[in-house]
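**Q** If you're matching them up, the sequences are chains X, S and L in order.
Per numbering that gives the first Met the number 0, the first sequence starts with residue 0, numbered consecutively.
Per numbering that gives the first Met the number 0, the second sequence starts with residue 0, numbered consecutively.
Per numbering that gives the first Met the number 0, the third sequence starts with residue 0, numbered consecutively.
Honestly, the hints are just simulated from the structure, not real lab data.
Be a bit skeptical, because a hint or two may be false.
Label-pair ranges, simulated between beta-carbon atoms [what the hints assert, rightly or not]:
id	chain 1	residue 1	chain 2	residue 2	range
1	X	Arg112	L	Arg77	19 to 29 Å
2	X	His159	L	Gly114	32 to 42 Å
3	L	Ala108	S	Leu71	48 to 58 Å
4	S	Arg94	L	Ala217	47 to 57 Å
5	X	Leu103	L	Leu221	34 to 44 Å
6	L	Lys210	X	Ala111	32 to 42 Å
Incomplete in silico selection of chain L near chain S, CB under 8 Å [claimed, not checked]:
id	residue
7	Ile362
8	Asp366
9	Val374
10	Asn380
Where chain L lies over chain X, by a calculated footprint (3+ residues, C-beta under 8 Å) [claimed, not checked]:
id	region
11	63-76
12	96-108
13	131-143
14	148-158
The structure presented is a predicted model; accordingly, all values stated were derived computationally and were not measured.
Here a beta-carbon is modelled for each residue, glycine too, at the ideal position from N, C-alpha and C.
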Amino acid sequence: MNDEHDHDHDHDHEHEHEHDHDHDHDGGAGRRMPRRDPRAPRGRVLDAHLHLLDRQVLDREGVPVTTVDDLELDGIEPGARIEPGSPPPTLTAILTGPQLLTRLFGGHAPAARRIAIPWKLVSAVGTTVRLGVDADSLDASWVERWVSRHLIGRIPGGRHDPE
Amino acid sequence: MILSDLLGSDAFDADGRRLGAILDVRLEISGAPAQLLAETVVTGVLVSSHSRFSTWGYERRGEDGPFLIAWLQRWLHRGSFLVAWDDVELVDVGRVVFRAGYEQLDPMLPRAPREA
Amino acid sequence: MKNLFAVALGVLTAIGGFVDIGDLVTNAVVGSRFGLGLAWVVLVGVVGICIYAQMSGRVAAVSGRATFEIIRERLGPRAGLANLAASFLINLLTVTAEVGGVALALQLATSVDPGWWIPVAAFGVWIVIWRARFELLENVTGLLGLTLIVFAVALFMLSPDWGELAGQALQPGPPADEPVATYWFYAVALFGAAMTPYEVFFFSSGAIEEKWTEKDLAKSRLNVLVGFPLGGLLSIAIAGCAAVVLLPAAIDVTSLSQVVLPVAEAGGKIALSFVIVGILAATFGAALETTLSSGYTLAQYFGWSWGKFRKPAKAARFHLSMIVCLLIAVAILATGVDPILVTEYSVVFSAVALPLTYLPILIIANDREYMGDRVNGRGMNFVGQVYLVIILAAALAAIPLLIITGAGA
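The task is simple: from the sequences and hints, build the whole structure.
**A** Next up, the structure:
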């Protein structure tokens, strides 16, 4: 079971050019060989689709709230030229609810119908997205609360631990 | 703007030549400190010349298992590159344009820390 | 006894996968038509489900993520939804069949018409899911299901011609009077029955219900290595009994009473009562497994709160979806459909749905972000990829074979 240790284990940014010699650059003039991003990362680096989309969102107690159905980015004006040196866009919210339908079937959900969890409530990002608040304080969990209050909580034994 | 509107958009250089499709958006948790986590800012976009689809990231992680899938994914995304956000000139519906003299960077991710 | 309970999850998962109502009948049908000529498929299936369950159990223990969360995360919402639809349909058909199966087993025990037992069986399944702790549920059904070992005992008591049985098993291929396509149809059905996705959904979610961590990896391996081979052994024993008693008598298996006929012949009333208890526990266990799997898959795809370790009110949509599933199952059975026929189709469809549930686990088992140093070794990846090819081949062949052979008729 130990053979996973002898290859690629201590992979870090210094060794990465070993991996890109098979990249094929078929562009014309003006294209250069890719090099590493010259700016050293100043914090955890994430790729939005790879590391965040469709991941589980857990509340402060570890209770599942929803999945990351989409993300809202602030600071991008569609169609407007970006002035050099302007501040970069920021991640402002996790979107859920109707946003899953638009990702499934295309189209746009009206902004008013979106259910958003503000990104500032996120306390940690790993294989899941952890929030620093309780699920019950969020709009995103109203369906769960409704079903719990009006259906499941009314069946005898629904509010007790299993035996 | 919504992330999924950006993903899959066509990427063009300043001369209007199509370079590929936006595969992903690179983020960094490094902005102004906030209550729980520092602000998360966009630092770049990833472009793939050959395929719009990837959620597995073999082309930007050092991982190589299982071999068959890693090989197929690397081939699908051969020549994908990262463009720093500073080199992005314009974002429109289904279209991203880079500045003249933009630079193609290595898309490789630094090794992620494992969540405890 | 404590060690026995430690593998209860694996045993229950395997019993629900290998000897649930559909498999009990399919195994007997196969035995009565092909002897042990398809035993090799069970072997291939057992190894496959061991690999699959071992990877998903390891992912669940190390990363805390259950299988359908992984499927949604790797495949994205669209392919994930297609997978959910297929898996959920298979689950629902199997829940229907198992509730019907519990009713048939109760009929075998009491001679009361199964129509009366259907609502009782569905209510029984619900009340256990609603009130019983996960450990209690898996220990009781897993342990009682073990009485099905009586099939293996019966095979010995029938003192068959072992040389002939070994000959059937070692010279695979269709008998002269069966078409080649039918032989392969049953091969795919047996493979699909061994590697049903709901087993893995249940096993990985069960690992989280039992709060396994990285320390429990040895336990996970033990569960896999005891449970699934045991399931495979029972499955071959049932086929063996049928091959010895029913094949020479040219009896076509169409009902549960024919499945237990060889056991009654070998061991009389005592063996028969054992086998009825075993079938009751196995179908009831399978009903629990598939009902819970329906809830697990839906909740994990949409990110709802789930788990029997929570109060029902704290996993409301999870419990609601299982109640709805059981109601639909009763409604389907009320139309008078034969539950055994239902599972024959559902195992074939599981073979079709399998590649898209297997692939994400194979990928995540290699992902250091999830697994740290517990990623697949080279050997595991090699067999994992061999099975990816086998699974793809079975999935592609399943529907054409179903049509050509008219479901193996």
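**Q** Holds or violated: 32 to 42 Å for the Cβ distance of His159/X and Gly114/L?
**A** holds (33 Å)
**Q** Has the region 63-76 of chain X got at least three residues whose CB is nearer than 8 Å to a CB belonging to chain L?
**A** Satisfied; 5 residues make the cut.
**Q** Return the status of the interface hint for Ile362/L: holds when the least beta-carbon distance to chain S is below 8 Å, violated otherwise.
**A** holds (6 Å)
**Q** Is the interface hint satisfied for Asp366/L? The criterion is a beta-carbon contact with chain S at less than 8 Å.
**A** holds (7 Å)
**Q** Go through the hint on Val374/L and say holds or violated, using the shortest Cβ distance to chain S against 8 Å.
**A** holds (7 Å)
**Q** Measuring from beta carbon to beta carbon, are Leu103/X and Leu221/L in 34 to 44 Å?
**A** The hinted range 34 to 44 Å holds for Leu103/X and Leu221/L, with Cβ atoms some 40 Å apart.
**Q** Against the range 48 to 58 Å, how does the distance between the Cβ atoms of Ala108/L and Leu71/S compare: consistent or not?
**A** holds (53 Å)
**Q** How does the region 131-143 of chain X fare against chain L when you require at least three residues with a CB closer than 8 Å, holds or violated?
**A** Satisfied; 3 residues make the cut.
**Q** Take the region 96-108 of chain X, compare each residue's beta carbon with every beta carbon of chain L, and decide whether three or more fall closer than 8 Å.
**A** That given contact holds, which follows from 3 residues of the region 96-108 of chain X lying within Cβ reach (below 8 Å) of chain L.
**Q** Tell me if the beta carbons of Arg112/X and Arg77/L are separated by a distance inside 19 to 29 Å.
**A** Distance hint for Arg112/X, Arg77/L holds at roughly 21 Å.
**Q** Is the distance from the Cβ of Arg94/S to the Cβ of Ala217/L consistent with 47 to 57 Å?
**A** holds (54 Å)
**Q** Has the region 148-158 of chain X got at least three residues whose CB is nearer than 8 Å to a CB belonging to chain L?
**A** Since 7 is at least three, the answer is holds.
In this structure, none of the earlier numbered hints is contradicted; all agree with it.
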